[in-house]
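As a plain string of letters, each chain reads:
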Amino acid sequence: MKVLVTVKEVAEVEDDFEIDGTGVDDRYLEYDLNEWDDYAVEEAVQLQEAGDDIEVVSVTIGPERAEETIRMALAKGVDRAIRVWDDALDQDLLDTATKARVFRAVVEEEEPDLILTGVQAGDDAFGATGVALAESVGQEWAAVVNQLDIDHLLAENVARVHRELEGGVEELTDVELPAVLTIQTGINEPRYASLRGIRQAQSKEIAPKTLADLGLEAGDVESSLFLTEMYEPESESDATLFEGSAEETAAELASVLREKGVGAE
Amino acid sequence: MDFELPAEHRMIRDTVREFCQEEIAPIAQEIEDEHRFPQEVFDQLADLDVMGVPVSEEYGGLGGDQLMYALVTEELGRVSGGIGLSYAAHVSLASKPIEMFGTEEQKAEWLAPLASGDAMGAWALTEPGSGSDASDMDTMAERDGDEYVLNGTKQFITNASVAGSVLVKAVTEPGAGYDGISTFIVDPEDDGFEVTTVWDKMGLNCSPTCEIALDDVRVPEDRLLGEEGEGWEQTKKTLDGGRISIAALSTGLAQGAYDHAKEYAGEREQFGQPISKFDAIRDKIVDMHRKVESARLLTHKAAWTYDQGNEVNRESALAKLDASEAARENAEDAVQVLGGYGYTTDFAPQRFYRDAKLMEIGEGTSEIQHLVIGRQLGL
Numbered sequence: 132m133k134v135l136v137t138v139k140e141v142a143e144v145e146d147d148f149e150i151d152g153t154g155v156d157d158r159y160l161e162y163d164l165n166e167w168d169d170y171a172v173e174e175a176v177q178l179q180e181a182g183d184d185i186e187v188v189s190v191t192i193g194p195e196r197a198e199e200t201i202r203m204a205l206a207k208g209v210d211r212a213i214r215v216w217d218d219a220l221d222q223d224l225l226d227t228a229t230k231a232r233v234f235r236a237v238v239e240e241e242e243p244d245l246i247l248t249g250v251q252a253g254d255d256a257f258g259a260t261g262v263a264l265a266e267s268v269g270q271e272w273a274a275v276v277n278q279l280d281i282d283h284l285l286a287e288n289v290a291r292v293h294r295e296l297e298g299g300v301e302e303l304t305d306v307e308l309p310a311v312l313t314i315q316t317g318i319n320e321p322r323y324a325s326l327r328g329i330r331q332a333q334s335k336e337i338a339p340k341t342l343a344d345l346g347l348e349a350g351d352v353e354s355s356l357f358l359t360e361m362y363e364p365e366s367e368s369d370a371t372l373f374e375g376s377a378e379e380t381a382a383e384l385a386s387v388l389r390e391k392g393v394g395a396e
Numbered sequence: 006m007d008f009e010l011p012a013e014h015r016m017i018r019d020t021v022r023e024f025c026q027e028e029i030a031p032i033a034q035e036i037e038d039e040h041r042f043p044q045e046v047f048d049q050l051a052d053l054d055v056m057g058v059p060v061s062e063e064y065g066g067l068g069g070d071q072l073m074y075a076l077v078t079e080e081l082g083r084v085s086g087g088i089g090l091s092y093a094a095h096v097s098l099a100s101k102p103i104e105m106f107g108t109e110e111q112k113a114e115w116l117a118p119l120a121s122g123d124a125m126g127a128w129a130l131t132e133p134g135s136g137s138d139a140s141d142m143d144t145m146a147e148r149d150g151d152e153y154v155l156n157g158t159k160q161f162i163t164n165a166s167v168a169g170s171v172l173v174k175a176v177t178e179p180g181a182g183y184d185g186i187s188t189f190i191v192d193p194e195d196d197g198f199e200v201t202t203v204w205d206k207m208g209l210n211c212s213p214t215c216e217i218a219l220d221d222v223r224v225p226e227d228r229l230l231g232e233e234g235e236g237w238e239q240t241k242k243t244l245d246g247g248r249i250s251i252a253a254l255s256t257g258l259a260q261g262a263y264d265h266a267k268e269y270a271g272e273r274e275q276f277g278q279p280i281s282k283f284d285a286i287r288d289k290i291v292d293m294h295r296k297v298e299s300a301r302l303l304t305h306k307a308a309w310t311y312d313q314g315n316e317v318n319r320e321s322a323l324a325k326l327d328a329s330e331a332a333r334e335n336a337e338d339a340v341q342v343l344g345g346y347g348y349t350t351d352f353a354p355q356r357f358y359r360d361a362k363l364m365e366i367g368e369g370t371s372e373i374q375h376l377v378i379g380r381q382l383g384l
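Chains L and G, in that order, are what the protein sequence lines are. Quick note: the first sequence uses this note's numbering, first residue 132, plus one each step. Quick note: the second sequence uses this note's numbering, first residue 6, plus one each step.
The set of hints was computed from the structure by calculation and includes no laboratory data. Certain hints may be false.
[Claimed, not checked] FRET-style restraints, in silico, Cβ to Cβ:
(1) L:327 to G:366: 31 to 41 Å
(2) G:183 to L:183: 53 to 63 Å
(3) G:302 to L:223: 35 to 45 Å
(4) G:348 to L:199: 37 to 47 Å
[Unchecked claim] Only part of the chain L face toward chain G is listed, based on derived beta-carbon distances under 10 Å:
(5) 202
(6) 203
(7) 206
(8) 208
(9) 325
(10) 327
(11) 328
(12) 329
(13) 332
(14) 333
(15) 357
Quick reminder that beta carbons are idealized off the backbone N, C-alpha and C, glycines included.
Pulled out of the complex, with its shape left as it was, chain G reads as follows:
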């Protein structure tokens, strides 16, 4: 058993870390305050081959494994949850399904621009009335000659307002439940596609979260991803990978919160000594460190299992559940360690606190992760 990262992975992690510290950390609060998607950062990430880390080189990706992708996502989360979230959605939810389920033509047309970072990707499953019970969806796709006509509303869609393509889940066979769902590649330029809301959120505001309306959107039949009725099976596979990236992003948030708390506690003096010398603060920081380490171990194990080609449903749910809690708890503790300063927007912990909360909600709530893990345990 070898816990040492391969040299290539370490170099990639260190390079992305340096980029994040130099280029993202200085603007991380500003883009939150402005609710601004930082296109220029994503352009730079594209230049560094970051946008398609786990996508095959054949389609313009880096050809890295899930572990490499997890390392990169963690580094982004360590400085900006919002950038990390847009990145994870772009890769896991928008790019990987085309690679896994698409035809050669679809990969050339839709995957290549995502993998190179020429375009951002989005993925639309959730609806206003359908969240955890994702199969109960109202968006319909009716066949009309050699086209499909899509109608419905999708909710909380990351990147939709900045995307070059959106993978939309829709019902092609009403009444068939899970087996009646299909996936379509929709171009936001298609007639009838409209972003109707970009939500103001508690955090992650540099990452656009959108409501989209599909009003008689006509797409040619070659935009169907895989076969009709495969949408739900694709979703489960997509989320198995996606949850590893949210676990990695959460580990990054937990690490970032820890970094800020540790640094401050070493400098801030009260009663004549650094507050890190008081048991109350030292123990808090040690616990934060423990949570980062365990979240990272679970995340790397899930990524490693994925890379072995093994079933990863339990591992990814476990990593996501643990890491998202670690992120929220560490962020809260970091605010507490910084005291009054931690509550101000001049210091980062409040931003981590805001960002971390979503990790327990998106790509399956913690309650759904318990459900998934319980099933795997035969409960």
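Just chain L, with the same shape it has in the complex:
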């Protein structure tokens, strides 16, 4: 069995920052593995540990700098990685459809039985790449998966998943492989990479691929979304202090909450 995990290096912004054009100034950014992808990697590695002969491959779209981040996934047990990059991909914003087209080319080459993605990326938060990829490759999918029955998957080739819906409702779904699952945080407890894992990861393969390597052209990755402006919204704060006994202030607070429409009647 082959499992493909899409991962992304995301920019994390410091508390205080400055905006430069349509982005946050580089000086205030730190790069790390996307939090949701960390859970997706852990789920894949747990699957690999539970089964026999399961290969886990990670794929990312990103510049050379992203190798350090993807290598952390290799340190945690991913077998090998693919990094897709091309001058044509160096855009302000890659929309979901564009990313799905790139990943589709990788999927066609790798032919994985199961694809795991994070639910969303912490930086641009589209939350749609996994589902768009499933649609693009014509596979079944389940989004926002917070539980996966690994034994069932290995025995039946069916992903029995819990999906997190609004209002605390959970849905139990069976998805036949091949399929795409978008993984929610909390599905597992991502491990720390062991130091031996980190050392071994230095010699694991991260295969660089250009668009041409994947049979794509610059025209295939023309984003239809463009960033037009980046700004900090004006923030307003309006604080009301209640003074008096607990009974009085509780009653005042209750009436304010009612006025604002908070809480059920």
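Place chain G on chain L using the hints.
Here is chain G on its own, set in the frame of chain L:
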């Protein structure tokens, strides 16, 4: 000349840093207050292959270099001096000598469990009447057939009460001075071995510091490490490496104290602005930063020199001397920056202050470091 850390080293440092922040920082004061050796933390460190970083893979270690080991030790010191101290003693003093001077059989039996973290290690040189003048020791090892019989008292032995093995220095040839000292691998389960005191200390209380009594402890001759009379030469080599780890640990303490002071100074407002905007506090914090940087540079240089296989006596003494002073000075300044809060146990600086003081005492006092460096300078 390249000051950039290799990617592998950076990843290891960042992973250990994350572990320290998540798993150790939240309990660092609690284990001090309870005077509790946190076995569960060391079990986790063992799972992450931290316990044998600079020990060869052949014996279950990670096979990393001294620089990697220094980076890991610094990160531990940044959150807990006590955990860092027990770790440094385990690796530099208890594990490395077996790797450097032991037989294949000794490495398989005694080094492998230390390198994997299945057991903690300790090293016993100091005695109640013998500290800086370490060669003037009273612990005796007399040969009796194919055994040695050890008698004496060892003082301030880190990890002795939690150890699976203790390297004990003892006199095998009275009157021969430095040439009459030998090293023995002692199992705390051996009859006649007793931990008689676990000291209450000014700081570092999660790291047990013990007095041990050896009363007719019989060990088979294959517990002799190296040859008879090599104990002092081994000690000097051991301390050359050990001092790099204390320098790294001290750099971590200095960095941790700086972190706390900088964060607080940026948030605490007096006279209508953060106190970091006042020259008095800004200059203090800049000096703390300067001391961390220079301590780290000296430590990394010593580690690098060690990794080249070069003589490191002066470099390691210099790093240890500088970094231990940086740790104590930064910790004191951090207490001052936090003012009244810095003096309370709800805030970390007082703990760094307590922990840092030992760095100027253990593995050779600052006075002995001056002596060592002076000799190297031909003074």
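Taking the hints in turn, this is what the structure says about them:
The beta-carbon spacing between residue 327 of chain L and residue 366 of chain G, approximately 35 Å, falls within the hinted interval of 31 to 41 Å. Here the CB-CB span from residue 183 of chain G to residue 183 of chain L is close to 60 Å, well matched to the stated 53 to 63 Å. For the pair residue 302 of chain G and residue 223 of chain L, the beta carbons lie near 39 Å from each other, so the given range of 35 to 45 Å is met. Between residue 348 of chain G and residue 199 of chain L, the C-beta spacing of about 41 Å keeps the proposed range 37 to 47 Å intact.
Annotation: interface hint on residue 202 of chain L holds; nearest CB of chain G at approximately 7 Å, less than 10 Å. Hint status for residue 203 of chain L: holds, given a least beta-carbon distance of 7 Å to chain G, under 10 Å. Hint status for residue 206 of chain L: holds, given a least beta-carbon distance of 7 Å to chain G, under 10 Å. Because the smallest distance between the Cβ of residue 208 of chain L and any Cβ of chain G comes to about 14 Å, over 10 Å, the interface hint for this residue is violated.
The interface hint given for residue 325 of chain L holds, since its Cβ lies 5 Å from the closest Cβ of chain G, which is under the 10 Å cut-off. Below 10 Å, beta-carbon pairs count as interface contacts, and residue 327 of chain L has one with chain G at about 5 Å; its hint therefore holds. Look at residue 328 of chain L: its Cβ gets to within about 8 Å of chain G, closer than 10 Å, so that hint holds up. For residue 329 of chain L, the shortest C-beta to C-beta distance to chain G is roughly 5 Å, which falls under 10 Å, so the interface hint holds.
The beta carbon of residue 332 of chain L is positioned within 10 Å of a beta carbon in chain G (closest approach about 8 Å), and the interface hint is therefore held. About 5 Å separates the beta-carbon of residue 333 of chain L from the nearest beta-carbon of chain G, less than 10 Å, and the hint is met. At about 35 Å, the closest approach between the beta carbon of residue 357 of chain L and any beta carbon in chain G exceeds 10 Å, and the interface hint on this residue is violated.
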